[in-house]
Amino acid sequence: QKEVEQDPGPLSVPEGAIVSLNCTYSNSAFQYFMWYRQYSRKGPELLMYTYSSGNKEDGRFTAQVDKSSKYISLFIRDSQPSDSATYLCAMSGGNNRLAFGKGNQVVVIP
Amino acid sequence: NAGVTQTPKFQVLKTGQSMTLQCAQDMNHNSMYWYRQDPGMGLRLIYYSASEGTTDKGEVPNGYNVSRLNKREFSLRLESAAPSQTSVYFCASSARTASNYGYTFGSGTRLTVV
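Line by line, the protein sequences are chains H and U.
In terms of our numbering, the first sequence opens at residue 1 and continues consecutively.
In terms of our numbering, the second sequence opens at residue 111 and continues consecutively.
Hints are computed from structural coordinates only; laboratory data are not their basis.
Even glycine gets a Cβ: it sits at the ideal position worked out from N, Cα and C.
Hints are supplied without guarantee of correctness; some may be wrong.
Listed next, the stretches of chain H that the computed footprint assigns to chain U, with coverage defined by at least 3 CB atoms under 8 Å from CB atoms of chain U [as the list claims (entries may be wrong)]: (1) 34 to 48; (2) 97 to 108.
Using C-beta positions, here's what the derived DEER-type ranges look like [claimed, not checked]: (3) U:Ser-217 <-> H:Pro-14: 40 to 46 Å; (4) H:Gly-94 <-> U:Asn-175: 26 to 32 Å; (5) H:Gly-94 <-> U:Met-151: 24 to 30 Å; (6) U:Ser-217 <-> H:Asp-7: 25 to 31 Å; (7) H:Pro-81 <-> U:Asn-175: 41 to 47 Å; (8) H:Ser-68 <-> U:Asp-136: 37 to 43 Å; (9) H:Ile-109 <-> U:Asp-166: 39 to 45 Å.
Next comes chain H alone, as it looks inside the complex:
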């Protein structure tokens, strides 16, 4: 079992819809959780960061962590064509090493 599981299946949504992405993990030591956004032919960039369980909101983006279920989520409200990208989850137990999911391609259709 990989440490981090993320369904890489492409996700197409109409503009204005809510996008819901998630990852599961197996390592109970993970405490730091992140989401990266990667546009085509670019490097990943840090989008959201959350420590331990709970929610964090930044504009149209909300990150949720449920440590009891080993499950994290990213929600994008009022999705825009500019949100079309691949989203990768990442997490760490504090040892300076990140474990990444495989990434989820999102296409927002105008």
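Following the hints, position chain U against chain H.
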């Protein structure tokens, strides 16, 4: 702009040729990393350097070597390129407390081995 700079951006090699991918960061980060990204495989760690003077193998080190030249620069060398090394290569860096601030990635090097 502050960040991670990778060169070259594109490269085509013939099987058996060698090359070095260059990476430099200007954020005074301690740790640096080399990843490859392939369709359906996600990011896979090749080598990393936790601090100047140290390097360690990651998940897929075979066929590669690295050099941490100084705190700013971390290079990746392919001694004898193989078609299986066709990929997009990303360099990243992080402060000592990477868990708090995450990694900063470069824009990548697209390598094709024919």
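Point to revise | Numbered hints the structure breaks, given as an ascending list | key: Failing hint: just 3.
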